[in-house]
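Chemist: Sequence:
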Amino acid sequence: MTDAAGRDGWHIVEDDLSGAPIRALLERHFAGMLANSPEESCHFLDFEGLKAPGVTFWSIHCGPDLAGCGALKRLDGRHGEIKSMRTADAFLRRGVAARMLDHIIEEARAGGLERLSLETGSGAAFEPALALYRRHGFTDCAPFADYRPDPFSRFMTRAI
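UniProt numbering applies: residue 1 is where the sequence shown begins, and numbers increase by one.
What the hints contain is simulated information worked out from the structure, not anything from laboratory work. Don't be surprised by glycine CBs; every beta carbon is placed ideally from N, CA and C. One should not assume that every hint holds.
[Said to hold, decoys possible] With a cut-off of at most 25 Å between alpha-carbon atoms, the simulated DMTMM-like pairs for lysine to aspartate or glutamate come out as follows:
1) LYS51 / GLU27
2) LYS51 / ASP16
3) LYS51 / ASP8
4) LYS51 / ASP65
5) LYS51 / GLU40
6) LYS51 / ASP76
7) LYS51 / ASP146
8) LYS51 / GLU119
9) LYS51 / ASP102
10) LYS51 / GLU106
11) LYS51 / GLU114
12) LYS51 / ASP15
13) LYS51 / GLU39
[Unchecked claim] Listed next, with one range per pair, are the computed distances between beta-carbon atoms:
14) PHE144 / ASP102: 20 to 26 Å
15) ARG94 / PHE144: 26 to 32 Å
16) PRO64 / ASP140: 35 to 41 Å
17) LEU17 / GLY77: 23 to 29 Å
Take the sequences, apply the hints, and build the full model.
Modeler: Pasting the structure below:
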């Protein structure tokens, strides 16, 4: 099996969220967000939100094993938001998030989007994610879409 780039046994698929492994990974994602930020500062999409029109959700696999996930929410015809980036614990620090982020950027570009933005937490638990986004050209920005300033949130954006 290959990923979008055709190498190393990785593959990324559009996921319907019906499988037990992806549901368990997302439950862990939700719990992690709530453990590291106040509930009113958590802006993750739940299962129904991830199935909403305008949201595309992918899972990434190494061979048969679920390695992570990510989603793209179209905000309008030119602007999208990265959502639900999560790496399975067994695959941490193996490039899963970078592969998924590259995939989301390419899908957004292919879909005609010109800008991607994201909201993530601001505490120490979010530093690895912030470093990943910075390495991929994202910079800090003001709140976008329906977000409001929040000391527990960081907002980032980049042109694509």
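Chemist: Look at each hint and say if it fits the structure.
Modeler: Hint check results:
no. : hint                        : result
1   : LYS51 / GLU27               : holds (15 Å)
2   : LYS51 / ASP16               : holds (8 Å)
3   : LYS51 / ASP8                : violated (29 Å)
4   : LYS51 / ASP65               : holds (22 Å)
5   : LYS51 / GLU40               : holds (22 Å)
6   : LYS51 / ASP76               : holds (17 Å)
7   : LYS51 / ASP146              : holds (19 Å)
8   : LYS51 / GLU119              : holds (19 Å)
9   : LYS51 / ASP102              : holds (21 Å)
10  : LYS51 / GLU106              : holds (21 Å)
11  : LYS51 / GLU114              : holds (23 Å)
12  : LYS51 / ASP15               : holds (10 Å)
13  : LYS51 / GLU39               : holds (21 Å)
14  : PHE144 / ASP102: 20 to 26 Å : holds (22 Å)
15  : ARG94 / PHE144: 26 to 32 Å  : holds (31 Å)
16  : PRO64 / ASP140: 35 to 41 Å  : holds (38 Å)
17  : LEU17 / GLY77: 23 to 29 Å   : holds (25 Å)
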